[in-house]
Amino acid sequence: MFGPYPLASPPIRKHVLPKPGAYVLFTDKNEAVYCGRSDTDLNTRIQQHLTTNETNECIKTKNPTKFFYQNAPGSKEAYELECNNFHKYNPPCNDKHPEKNDATWSCP
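Heads up, the sequence shown is in the working numbering, so the first residue is 368 and it goes up one at a time.
Treat the hints as calculated values from the structure; they're not laboratory data.
Just so we're clear, the structure is a prediction, and the values are computed from it rather than from any experiment.
Treat the hints loosely; a few may be bogus.
[Stated by the list, open to error] Straight-line distance between alpha carbons at most 25 angstroms, and here's what the computed PhoX-like set of lysine-lysine pairs gives:
| no. | residue 1 | residue 2 |
| --- | --- | --- |
| 1 | Lys396 | Lys427 |
| 2 | Lys386 | Lys443 |
| 3 | Lys443 | Lys396 |
| 4 | Lys467 | Lys381 |
| 5 | Lys467 | Lys386 |
| 6 | Lys396 | Lys433 |
| 7 | Lys396 | Lys386 |
| 8 | Lys443 | Lys429 |
| 9 | Lys396 | Lys455 |
| 10 | Lys443 | Lys427 |
| 11 | Lys396 | Lys429 |
| 12 | Lys427 | Lys381 |
| 13 | Lys433 | Lys386 |
| 14 | Lys381 | Lys433 |
| 15 | Lys427 | Lys463 |
| 16 | Lys455 | Lys429 |
| 17 | Lys455 | Lys433 |
| 18 | Lys396 | Lys467 |
| 19 | Lys463 | Lys429 |
| 20 | Lys381 | Lys463 |
| 21 | Lys455 | Lys427 |
| 22 | Lys443 | Lys455 |
Let the sequences and hints guide you as you build the complete structure.
In structure tokens:
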């Protein structure tokens, strides 16, 4: 994964491609608080976590300040990256396992 980068619009726009991928949000104390993915545009998805856009109350409370990310060739690979992050970090603001887009996909 690439990062850490400040959770702010300029670094997101500069570094993250508008392609599939996965990400993890961290606090200043290096606590992973949330992991996610986008099957189409990771840049836009991470921007949804900026303070003014955030809707998840847990994420708002934890106040992440940085992110790591990795683009992927497709949505299945983005799902696999998100699963790996979910199991590695067990982030408190993820209330369920990442969802599959296809019944044939399995968590690595």
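Hint-by-hint comparison with the structure:
{"no.": "1", "hint": "Lys396 - Lys427", "in the structure": "holds, 15 angstroms"}
{"no.": "2", "hint": "Lys386 - Lys443", "in the structure": "holds, 13 angstroms"}
{"no.": "3", "hint": "Lys443 - Lys396", "in the structure": "violated, 31 angstroms"}
{"no.": "4", "hint": "Lys467 - Lys381", "in the structure": "violated, 29 angstroms"}
{"no.": "5", "hint": "Lys467 - Lys386", "in the structure": "holds, 18 angstroms"}
{"no.": "6", "hint": "Lys396 - Lys433", "in the structure": "holds, 10 angstroms"}
{"no.": "7", "hint": "Lys396 - Lys386", "in the structure": "violated, 29 angstroms"}
{"no.": "8", "hint": "Lys443 - Lys429", "in the structure": "violated, 29 angstroms"}
{"no.": "9", "hint": "Lys396 - Lys455", "in the structure": "holds, 17 angstroms"}
{"no.": "10", "hint": "Lys443 - Lys427", "in the structure": "violated, 29 angstroms"}
{"no.": "11", "hint": "Lys396 - Lys429", "in the structure": "holds, 10 angstroms"}
{"no.": "12", "hint": "Lys427 - Lys381", "in the structure": "holds, 24 angstroms"}
{"no.": "13", "hint": "Lys433 - Lys386", "in the structure": "holds, 20 angstroms"}
{"no.": "14", "hint": "Lys381 - Lys433", "in the structure": "holds, 14 angstroms"}
{"no.": "15", "hint": "Lys427 - Lys463", "in the structure": "holds, 18 angstroms"}
{"no.": "16", "hint": "Lys455 - Lys429", "in the structure": "holds, 19 angstroms"}
{"no.": "17", "hint": "Lys455 - Lys433", "in the structure": "holds, 18 angstroms"}
{"no.": "18", "hint": "Lys396 - Lys467", "in the structure": "violated, 31 angstroms"}
{"no.": "19", "hint": "Lys463 - Lys429", "in the structure": "holds, 18 angstroms"}
{"no.": "20", "hint": "Lys381 - Lys463", "in the structure": "violated, 30 angstroms"}
{"no.": "21", "hint": "Lys455 - Lys427", "in the structure": "holds, 22 angstroms"}
{"no.": "22", "hint": "Lys443 - Lys455", "in the structure": "holds, 18 angstroms"}
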